[in-house]
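Asks: The lines below spell out each chain.
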Amino acid sequence: MKISEYNPRDWKSHPPYMFKAYGSSVKRGPLKKLVPIKQTLSEITGPLFSGIKLDPEEIDLTRNADTGKEAMGERIIVVGKVMDEDERPIPNTLIEIWQANAAGRYHHPVDQHNAPLDPNFIGAGRCVTNEKGDYRFLTIKPGAYPWLNHPNAWRPAHIHLSLFGPSFVTRLVTQFFFPGDPLLPLDPILNSVPTKSGRQRLMASYAHDVTEPEFALGYRFDIVLRGRKATPFEEPR
Amino acid sequence: MRKQTPSQTVGPFYSMGLTNRVTNVMATESSQGQRICIEGQVLDGDGQPMPDAMVEIWQANAYGRYNHPDDKQEKPLDSTFTGWGRSGTDENCFYRFETIKPGPVPGADDSVQAPHCNVAVFARGMLVHAFTRIYFSDEQVNDTDPVLSSIRDKARRKTLIAEREERDGRVIYRFDIRLQGENETVFFDM
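Sequence order for the protein chains is V and Y.
Quick note: the first sequence uses the numbering used here, first residue 138, plus one each step.
Quick note: the second sequence uses the numbering used here, first residue 946, plus one each step.
In short, the hints are calculated from the structure, not lab data.
Please note that a few of the clues may not be correct.
[Unchecked claim] Below, a list of computed lysine-lysine pairs in the DSS-like style, where the Cα atoms sit at most 25 Å apart: (1) V:Lys175 - Y:Lys1017; (2) Y:Lys948 - V:Lys218; (3) V:Lys170 - Y:Lys1099; (4) V:Lys175 - Y:Lys1099; (5) V:Lys366 - V:Lys139; (6) Y:Lys1017 - V:Lys139; (7) V:Lys366 - Y:Lys948; (8) V:Lys149 - V:Lys190; (9) V:Lys175 - V:Lys366; (10) V:Lys149 - Y:Lys948; (11) V:Lys333 - Y:Lys948; (12) V:Lys218 - V:Lys278; (13) V:Lys170 - Y:Lys1103; (14) Y:Lys1099 - V:Lys169; (15) V:Lys149 - V:Lys218; (16) Y:Lys948 - V:Lys170; (17) Y:Lys1103 - V:Lys169; (18) Y:Lys1099 - V:Lys269; (19) V:Lys366 - Y:Lys1103; (20) Y:Lys1020 - V:Lys175; (21) V:Lys190 - V:Lys170; (22) Y:Lys1020 - V:Lys269; (23) Y:Lys948 - V:Lys269; (24) V:Lys278 - V:Lys206; (25) Y:Lys1020 - V:Lys139; (26) V:Lys164 - Y:Lys1020.
For reference, chain Y alone in the conformation it holds in the complex (with noise of 0.2 Å):
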C-alpha cells in the first residue's frame, strides 16, 4: 500500500498552467437542457472577495448522467457536454460558468439527489483544495436531498444553494463561497 501524495497549494501562479484556455464555457449551442449561468465570488475571512481563486465544477448532463464510464445508468448521454468546467476568478473577483442545469441523480441507499454541480475550490492560501457542492435555489426537490437533509442548521443548510435570478433574458445563479467567517460555506469531507 503506497500512501497519498500530499496535497500543495496551487499559489499565486495558477493561471500560467491552469486558467490560460477557456475552460468555464462548458455548453454548446446544440447542448441539451437548459442553459443557465453559474456565478460569484470567493470570499476570505475578512469577507474581502479574492482575485486569485480558482473554481471547478462536475456535473451531470440534463438528463442526470455523468459522462463517465461509471455511471452506468440507462439516461442519454450528450456528446456536446463533459459536465467538466474550470474558472479562475476575474479582476472583479467573479468566477463564472456558462453552463445547463444538471437533472437529478441517484444518491445513496435508493435515494435522488436534487440537481447539483460538484465544486472544488483552489487558491493562494489553500494547501488543500475544499470540496462543496452548488443547489439549485428553486428546485422543489431540495427538500428531499439527502445531502441537504444531512445538514440541520438551515444557516449552514443555505450556503449551498445558488439563489435565481434573470438578466437582460438571461438565467443567473449567484453562488458565492465563504471560506472563514459566519456564513462559512459548508466544505465536505468525501
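Pulled out of the complex, with its shape left as it was, chain V reads as follows (with noise of 0.2 Å):
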C-alpha cells in the first residue's frame, strides 16, 4: 500500500527529553537512542473527531465555570491559525486548553499555592478550528505562579494547548507566552527548546485587530504542525 508520508520531528525545533535545568526532566526522560520506523497506516492515520459537538460555552473560559457568573482577572480573545509546515490550513481539529487563573492558581487539587481560587473559572475549554484552520476562544490572561523546580522559582504566565492534526504522529502538546513578560528568559520549560527563534514561535503577539474596543484585548498564537512529505496529487485536508 503507498502511503503519503509526514516530515519527520524537527528536532532542532523541539526540546530534548532530558534538559537538567527543568528538574523534573532529569528522572522523567528517555535515555536510549530513539529507534526510527517507517511510517505506516498506523503513523499517518489517527483519531479526527470529526463528529465533535462542543458546547457554545467550551470557547469561552471566562463563562463556563456553569455558575452564571464571570471569571475574574483581565480578559483576553485568542486567535490564531492551526497549519502544516508547507503553511497549509489544518480545519475542523480540536483543540484542548487548560490554564491558570488570573491569581495564578490552577483549579486542581495539586495545586497548593496560596492564591485564589476564582469559583467562575475553572480554567478549561476546547475549540474546533474552521475551514481555514482558523480558531478563536476568550478567557482571561492567566498569572505567574511559583514552582520548586528551583530556588523562586516563577514559571511565566502561558496558556497549556492541546493538539492532533491529521495523523497520530501530528500530535502536539505545547503552551504559548506572552510579549514582554520578564519571566521569560529565567523559564527552564521555554529555554529547553534548543533555538531562539523556536522560542519565538511560543510566543503570542498582541494582535491590535483582534483587540474588541470596550471589551478585550487580542492576542495571535499561530501553530504548525509536521507536514506531509511532496504529496503533489493529494488535496490538501
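Both chains are sitting in their own frames, so use the hints and assemble them into the complex.
Replies: Shown next, in the form of C-alpha cells:
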C-alpha cells in the first residue's frame, strides 16, 4: 500500500527529553536512542474527532464554570491559525486548552499555591478550527505562579494547548507565552527549546485587529504541525 | 516553509483540560471483536510509578482497519469504534483502557504488521511526548512483525509486548512503560 508520509519531527524545534535545568525531566526523559521506524498506516492515520459537538460555552473560559457568573481577571481573545509546514491550513481539528486563573492558581487539587481560587473559572475549554484552520477562544489572562524547580522559581504566564492534526504523528502538546513577560528568560521549560527562533515561536503576539473596543485585548498564536512530504496530487485536507 | 511549533510538557495539571471526561472506554457492547482491557503503569528512572502520566492509544478495529480517510483498505469500518483512547494514571498510578483487540494492518513494503496499538506517552517532566507500541503476548504473528523484528535485542523487543492475563473472566493485557533504566521501553522516532 502506498503511504504518503509526514515530515520527521524537527529536533531543532522541539526540546530534548532531558533538560537538566528542568528538574522533572532528569528522571522522566527517555535516555536510550529512539528507534527509527518507517511510517505506515498506523502512523499516518489518527483520531479526527470529526463528529465532535462542542457546547458554545467551551470556547468561552470566562463563563464556562456553570455558575452563571464571569471569571475575574483581564479578558483576552486568543486567535490563531493551525497549519502544516507548507502553510496549508488544518481545518476541523480539536484544540484543548487549560491554564491558571488570573491569580496564578490552577483549579486542581495538586496546586497548593497560596493564591485565591476563582469559583467562576475552571480554566479549561476546547475549540475546533474552522475551514481556514482558524481558531478563537475567549479567556482571562493567566497569572504567573511559583513552582519548586529551583529557589524562587516562577513560571511566566502561559496557556497550555493540545492538538491532534490529521494523523498520529502530528500530535502536539505545547504552551504559549505573552510578549514582554520579565520571567521568560528565567523559565527552564521555555528555555528547553534549543533555538531562539523556536522559543520565539511559542510567543503570542498582541493583535490590535483582534482587540475589541470596550471589551478585551486580542492575541494571536499560530501553530505549525508536521507537514507531509511532497504530495502533489493530494488535496489539502 | 514554516517551522514546527515546539512541544512543551503537559505539566502537573493536565487533567483539568485533558482527562476531565471519560476517554478510556473505547468499545461499546456492540463493538466488533474481542473485548480486552489494557492496563499498566508508567515508571520513572527510579522505577517509581508515576501518578501524573497520561497515555493515549490509537488502533485499528477488529478487522484491521483504521477509522481514518487515509486508510482505503476494503475492510469493514465499525461505526461504534473510533480507535482512540486516553487515560491518565490514577491514584494507584495505573492507566487503563477498555477496548477491543485490533486486527493486523499492512506495513511497509507489502508486509503485514501484527496487531498493535500505537501509543503516545505524556507526563509532567516530559518535554516531548514519546511514541511506542503495544503488541500482544498471545499473537504468533509477532514473530514476523517488521517493527518487532527490526529490534535485534530480545530484551528490548520484549518491552513492547503486553502480557496476557485473565481476571474474573476478563482478558487483561499488562503493559508497563519504563521511561528510563535497564528495561527502558523502546520509543520510536517516526
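Asks: When you check the alpha-carbon spacing of Lys149 of chain V and Lys218 of chain V, does it fall within 25 Å?
Replies: It holds: about 22 Å lies between the C-alpha atoms, which stays within 25 Å.
Asks: Has the given pair, Lys170 of chain V with Lys1099 of chain Y, been kept, meaning a C-alpha gap of at most 25 Å?
Replies: Distance ~16 Å between Lys170 of chain V and Lys1099 of chain Y Cα, so the pair holds.
Asks: Holds or violated: are the alpha carbons of Lys149 of chain V and Lys948 of chain Y at most 25 Å from each other?
Replies: holds (10 Å)
Asks: Is Lys164 of chain V within 25 Å of Lys1020 of chain Y, Cα to Cα?
Replies: Not satisfied, since the Cα-Cα distance of roughly 43 Å exceeds 25 Å.
Asks: Is it true that the CA of Lys278 of chain V sits at most 25 Å from the CA of Lys206 of chain V?
Replies: holds (17 Å)
Asks: Holds or violated: Lys190 of chain V and Lys170 of chain V, Cα atoms, limit 25 Å.
Replies: Roughly 40 Å separates the two Cα atoms, so the pair is violated.
Asks: Need the status of pair Lys1103 of chain Y, Lys169 of chain V: alpha-carbon distance at most 25 Å?
Replies: Holds - the C-alpha atoms of Lys169 of chain V and Lys1103 of chain Y are around 15 Å apart, at most 25 Å.
Asks: For Lys175 of chain V and Lys1017 of chain Y, compute the direct alpha-carbon distance and say whether it is at most 25 Å.
Replies: holds (19 Å)
Asks: Please work out if Lys1020 of chain Y and Lys139 of chain V have their alpha carbons no farther apart than 25 Å.
Replies: holds (17 Å)
Asks: Measure nothing beyond the straight line between the CA atoms of Lys366 of chain V and Lys139 of chain V; if it is 25 Å or shorter, mark the hint as holding.
Replies: Distance ~13 Å between Lys366 of chain V and Lys139 of chain V Cα, so the pair holds.
Asks: Going straight from one Cα to the other, do Lys948 of chain Y and Lys170 of chain V come out at no more than 25 Å?
Replies: At roughly 24 Å apart (the allowed maximum being 25 Å), Lys170 of chain V and Lys948 of chain Y satisfy the hint.
Asks: Take a quick look at whether Lys1099 of chain Y and Lys269 of chain V sit within 25 Å of each other, Cα to Cα.
Replies: Violated. Lys1099 of chain Y to Lys269 of chain V sits at ~48 Å, over the 25 Å cutoff.
Hint compliance for this structure: hints 8, 18, 19, 21, 22 and 26 are not met, and every other hint is.
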